[in-house]
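*Asks:* Residue numbers (full-length UniProt numbering), protein chains in the order written: chain A, 1 to 90; chain B, 1 to 738; chain C, 1 to 159.
Note that these hints are calculated values from the structure, not bench results. Computed from a predicted model, the values in this text were never measured in an experiment. You can trust all of the hints, since none of them are fake.
DSS-like, lysine-lysine: derived pairs with alpha carbons at most 30 Å apart:
#1 Lys169/B - Lys48/A
#2 Lys60/B - Lys3/C
#3 Lys729/B - Lys430/B
#4 Lys74/A - Lys396/B
#5 Lys8/B - Lys146/C
#6 Lys169/B - Lys74/A
#7 Lys48/A - Lys149/B
#8 Lys74/A - Lys406/B
#9 Lys426/B - Lys146/C
#10 Lys146/C - Lys420/B
#11 Lys396/B - Lys169/B
#12 Lys146/C - Lys609/B
#13 Lys8/B - Lys85/C
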Amino acid sequence: MTRPEYSSDMTTQVIFSSELQRVTGVRETNVEAEDYRSLVSEITDRYKELMATDIMDMSVAINGEIITEPMLEKISPGSEVHFLYRIEGG
Amino acid sequence: MSEAQDFKYIGQRTIRPDGHDKVTGRANYAADLTLPGMIWGKILRSPHAHAVINSIDTSKAEEDPEVFAVMTHADIPNQTASGVQNILAKDKVFYHGHAVAAVAAVTESAAERALGLIEVDYKILKPVMSIDEAISNDSPLLHDDLFTKGMAEDPAVPSNISSRNELSKGDLEVGFAEAEVIVEREFRTATVHQGYIEPHACTVRYDEDGQSMIWCSTQGHFAVRATTASMLGIEQTNLNVIASEIGGGFGGKLPIYLEPVALVLSKKSGRPIKMQMDRNEVFMASGPGSATRNWVKIGAKKDGTITAMKAKLCYEAGWAPGSSPLGPACMTVFTPYDVDHQYVEGYEVVVNKARCAAYRAPGAPQSEYACEMVINELADELGIDPIDLRLKNVAKEGTQTMYGPKLKAVGLVECLEAAKSSEQYKTALKDNQGRGVASGFWFNVGGESSVVINMNEDGTGTIVEGSPDIGGSRASMQMMAAEELQMPVEAFSAIIGDTQNLPYSNPTGGSRTTFATGMAVVEAAADVVSQLKERAAATWNVVPEHVDWKNGAAINTKGEGVLTAAEICGSAAKTGGHISGRGNISARGASPSFAVHLADIEVDPDTGKTTVLRYTAIQDAGKAIHPSYVEGQYQGGSAQGIGWALNEEYVYNEDGRLENPGFLDYRIPLASDLPMIDTIIVEVPNSFHPFGVRGIGETGIIPPLAACGTAVSKAIGIRMSELPMSPPKILKAIHDAS
Amino acid sequence: MAKTHVTTTINGDLKEFLCEPGDTLLQVLRDELGLTGTKEGCGSGDCGACSVLINDRLVCSCLVLGVETNGDVIETVEGIGDSDKLHVIQEKFLEHAALQCGICTPGLVVSTKALLEENPNPTEEEARYYLAGNLCRCTGYDKIIKAVLDAAETMRESA
Numbered sequence: 001m002t003r004p005e006y007s008s009d010m011t012t013q014v015i016f017s018s019e020l021q022r023v024t025g026v027r028e029t030n031v032e033a034e035d036y037r038s039l040v041s042e043i044t045d046r047y048k049e050l051m052a053t054d055i056m057d058m059s060v061a062i063n064g065e066i067i068t069e070p071m072l073e074k075i076s077p078g079s080e081v082h083f084l085y086r087i088e089g090g
Numbered sequence: 001m002s003e004a005q006d007f008k009y010i011g012q013r014t015i016r017p018d019g020h021d022k023v024t025g026r027a028n029y030a031a032d033l034t035l036p037g038m039i040w041g042k043i044l045r046s047p048h049a050h051a052v053i054n055s056i057d058t059s060k061a062e063e064d065p066e067v068f069a070v071m072t073h074a075d076i077p078n079q080t081a082s083g084v085q086n087i088l089a090k091d092k093v094f095y096h097g098h099a100v101a102a103v104a105a106v107t108e109s110a111a112e113r114a115l116g117l118i119e120v121d122y123k124i125l126k127p128v129m130s131i132d133e134a135i136s137n138d139s140p141l142l143h144d145d146l147f148t149k150g151m152a153e154d155p156a157v158p159s160n161i162s163s164r165n166e167l168s169k170g171d172l173e174v175g176f177a178e179a180e181v182i183v184e185r186e187f188r189t190a191t192v193h194q195g196y197i198e199p200h201a202c203t204v205r206y207d208e209d210g211q212s213m214i215w216c217s218t219q220g221h222f223a224v225r226a227t228t229a230s231m232l233g234i235e236q237t238n239l240n241v242i243a244s245e246i247g248g249g250f251g252g253k254l255p256i257y258l259e260p261v262a263l264v265l266s267k268k269s270g271r272p273i274k275m276q277m278d279r280n281e282v283f284m285a286s287g288p289g290s291a292t293r294n295w296v297k298i299g300a301k302k303d304g305t306i307t308a309m310k311a312k313l314c315y316e317a318g319w320a321p322g323s324s325p326l327g328p329a330c331m332t333v334f335t336p337y338d339v340d341h342q343y344v345e346g347y348e349v350v351v352n353k354a355r356c357a358a359y360r361a362p363g364a365p366q367s368e369y370a371c372e373m374v375i376n377e378l379a380d381e382l383g384i385d386p387i388d389l390r391l392k393n394v395a396k397e398g399t400q401t402m403y404g405p406k407l408k409a410v411g412l413v414e415c416l417e418a419a420k421s422s423e424q425y426k427t428a429l430k431d432n433q434g435r436g437v438a439s440g441f442w443f444n445v446g447g448e449s450s451v452v453i454n455m456n457e458d459g460t461g462t463i464v465e466g467s468p469d470i471g472g473s474r475a476s477m478q479m480m481a482a483e484e485l486q487m488p489v490e491a492f493s494a495i496i497g498d499t500q501n502l503p504y505s506n507p508t509g510g511s512r513t514t515f516a517t518g519m520a521v522v523e524a525a526a527d528v529v530s531q532l533k534e535r536a537a538a539t540w541n542v543v544p545e546h547v548d549w550k551n552g553a554a555i556n557t558k559g560e561g562v563l564t565a566a567e568i569c570g571s572a573a574k575t576g577g578h579i580s581g582r583g584n585i586s587a588r589g590a591s592p593s594f595a596v597h598l599a600d601i602e603v604d605p606d607t608g609k610t611t612v613l614r615y616t617a618i619q620d621a622g623k624a625i626h627p628s629y630v631e632g633q634y635q636g637g638s639a640q641g642i643g644w645a646l647n648e649e650y651v652y653n654e655d656g657r658l659e660n661p662g663f664l665d666y667r668i669p670l671a672s673d674l675p676m677i678d679t680i681i682v683e684v685p686n687s688f689h690p691f692g693v694r695g696i697g698e699t700g701i702i703p704p705l706a707a708c709g710t711a712v713s714k715a716i717g718i719r720m721s722e723l724p725m726s727p728p729k730i731l732k733a734i735h736d737a738s
Numbered sequence: 001m002a003k004t005h006v007t008t009t010i011n012g013d014l015k016e017f018l019c020e021p022g023d024t025l026l027q028v029l030r031d032e033l034g035l036t037g038t039k040e041g042c043g044s045g046d047c048g049a050c051s052v053l054i055n056d057r058l059v060c061s062c063l064v065l066g067v068e069t070n071g072d073v074i075e076t077v078e079g080i081g082d083s084d085k086l087h088v089i090q091e092k093f094l095e096h097a098a099l100q101c102g103i104c105t106p107g108l109v110v111s112t113k114a115l116l117e118e119n120p121n122p123t124e125e126e127a128r129y130y131l132a133g134n135l136c137r138c139t140g141y142d143k144i145i146k147a148v149l150d151a152a153e154t155m156r157e158s159a
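Take the sequences, apply the hints, and build the full model.
*Replies:* Next up, the structure:
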C-alpha cells in the first residue's frame, strides 16, 4: 500500500474497494473535484489501468449516502467517496 | 429532518384502499384476465438437467387442428437480448425444467396435449448438482467459455467457478494475533424457493400496428416492458404493460419468464394468449435462492472484544453465471459488528439448477447465518450472554463498514436492548428446549420512482404510482400524501399506473417502495401544495409567498381568506387549468435496517420434530408509516426464515431431476407450524427521508436462520451447521452423537 | 370429447354449465363462470387458495370435478358478505391487516367461515390446525389468526 498522494481538508478522499485496489495499487487517494464526473476523470487519469466503465457501473457512497446514479452529483470539499457494488434487493 | 415529528396520519392503522377488493375476491391477479378470442399457451420443459439439444421437430404439433402456433428459441426476434436463453433454451438445456419450446392452442388442456407432439432429440450430459461437484477438477463444464472473473491473474482454463469477490478492512493477522479464543466452522444451506402462492401468469395481445399489451404479475412492469420489447425488437411506446395485483414475489417476480414467449405466440397466432405456470413449473423453472457453503472464523479476547472476522463464501448461481447474490453476501456478512479487522472472499459457481433469482435480502440470510452461528458459539466459549457479546461489538453510527462507507445513525443497539428486556428473553426454558438470538443487516435500496397526483374537481386526489403493491404499500402512499397535504387519508385513492401512464419506475424490491416511492409521493404532494398556493394567491391577487398551507387549505397571510383544496380545485379552470403534481425521482439515502430475533424451539428427541414455542422479531423501521404492515413484514420475514431454517429444501435425484416441486413436499410453514410472532418496532429515523423511513421488507428474513439454528443446537446439545435442520437431519445428529 | 350438462346452485343463483369430464370445479368457476375470486395456487390440494364450500363442506375446488357437482349447493368467496356490507370475517381481516399480497385471502375467508360454523369458539390451536390447509407466504399467520379469533368473538356476541 502506498500513501495517499495528497492530504488536505479541502480535497475529497476517495477510498477504493479491495477489488479496485488491485488496479489502483492504493487503498485511498485525495482528489480535488467539484462533481462526480470530474472525480472519475481525475482518478482514471491518475490510475491508467482503471477504466471509467469499471466504476461508472458501480454505486457510490458520498459521506455515507448511497447514490445509485451519481453522474451529476456535486461533491463538497472534505467529502469521503466510496465505490460499491450495485445492490439490488428482492 | 427534525428529531421528533408530530404526525397526523402517519403511524395510524388505516384500512388499506385495496382491501375491500381483496377480501371479496374482486381483486384481479395475473391469471384473472380473459380477453375475447383468447387461446392458451404452454411451455415444453426439459426432462434432463444437462443436455445438448440435437434437434427439435415441431411439425406434428403444427399440424394439430387445435394448435394455433408453435415456437422455439429460433422464433425470438432478438437472439442476443439479455436473458434470452433462459426464456427458451438455444442449443443446450441447463436444468430440469428449462424451457425448450412453446405452443398456443384452443384450450389449456389442448396446449398441454400438443406439447407431447414436439420431438426433441437430446444428448444427455452428466449434471453438476452441488458446489462440491462444481469445483472438483473432474467436473463436467456447464460453459466451456467460462473463465473465473476477479482472479489476480486471468485463468488459463475454463471452469464452473464464475467469479471471485473480496472485501477487507484492517489486518487479519494483527486481529487474530490479539485473539484469545477463536471459533471457526463451516455451514451449508440448501436451495430454497420464495414460495409465493400465485404462480407466474400473463395475458397478452400482440397488435400488428398499434399497442401491444401485457397483463401480468410482476414486481416491475417497466422491466417487463424493457425486456420484452428488446426480445421482440419493438419500440417501448408500442407495448403497454399493466401490472395486475400480485400474489407474492419476494424477489422471485423480478425475472421475466413467460411474457416474451406469450407475445411471440400471440403474434404468430393472431390471438390473445394466456399463459400460467402450474405449481411444479414454478418450483422447477423460477425462483430458487442459492445453495451455499460458507466458512467463518472469528477471534475474540476473553472480555468479549472481537478482534478479527474472516469468511469464505461460496454461492450457487444456478446455470447462469452472475445470477447469485454473492456481492451483497460479502458486503453484509459482518456488518452488525464494529470490528477493525475483517476479511471476506467469495466465489460463485454454476450448477445444473434453475437460474437463481433474488430472494428477500438476496445473499444476506446465508452469509449472516454463518456469522451469527459462530458469534453464538463464541458467546458460549467465552461464557458471555449472546446479546451482551453483540452489544460489546455492536455496529453503530460511525462504524466503518467493510464494504465502504461509515454507518449513519442506525438502530442495532436499540434492537439488542429491546431483545434483552423482552418478555421472551426472560422466559425460562425446559428440557429439550433451546433459545437462539441473531442479528440481521440489510442495506435497503433507493432507485427510480415516478408518481403523479392528479387533483380532482372536488379537491380529492388520485395518486398514480409506478411500484406494484405487493403488501399494502398503497395505504402508505395515501398516508404520506395526506400528511404532506394535511388532508384526510380518504381524500386520496392510490393506483398502480401502467407503463403508459408514468415514466419508468424501478421494480418493487430492495425494501425500496415505502422509502423511495414514498419520497416521490411527498415530492408530488409538495408540488400539488405549491400549485394550490399559487392558485389561491392568484385568486386573492397576492404573491404565493403570502399564502400558507394549513389543514388542507390555503390561508391568506396578508389579509382575510381561506380557500380549501376543494374550492381551489373546483375553480382551477379559471386560474390556469387543472392541477397535478409530479415526483419523478432517483432516490438517494436509503439507509440500513438492523434486526434482532429470538427463537425458542423444542425438539422431540425421539422424532427430531421441532416446535417453535416463542418468537420475537425486533427491527428498526426508521419510522413506521403503517405499523400493522410493518409488523406484518417482520412476521412474514420471520416465517420465511423459519421455513428456510427448519424445513425447506430442493431435493434432486442422481440425474439432477427435482423431486419435490410441490407444496406437499417442499413444505413451507403452515398456520399450525408457528406460534404468534411478537414484534417490537424500533424507530431510529433515517435522516435522508422526509418522514425518517428506512426500508423494512427484507431484513426480517435474515436472523431466523441462526436464531433457529442456535435454538435447535441448544435444545439437543449438539452444534448443527447444515440447513434445513429438518427432523431426519436432527435425528441423525442425535443418533451419531449417542 | 362430449361435454356434460351440470346444474348447480352457486352463491344462491341457479347455474348451468357444460364441462368436459376432466375439468375441475376450479376451472369451471374461473374459466366458464367468471368467478375468479377463487384462486389457483397449486392445483393439487396443497395450498387452499381455491377453497369453496360444497353443501356446506369445505373443499379444494381443484380436487373436485365439475361433473361431480350436479345438484350441489356451492358457495365461493363472491357469495360471502352482502354487496353493501362486508361479512364480519372480511371486516376483521382488513382491521387486523391479515393480508399482504391477498392471493390466499379468498380461500382463508371461505375456510374461516367453515371453521366458525363448525366451531364458533375455537382456541388459537384449533384455528391454526383448521386453517393449516390454507398457505400464506406473506404474513406468518399471526394477524390472520388474530383476525379469525376476533371475528369469532364478534360473531358470538351478535348471535
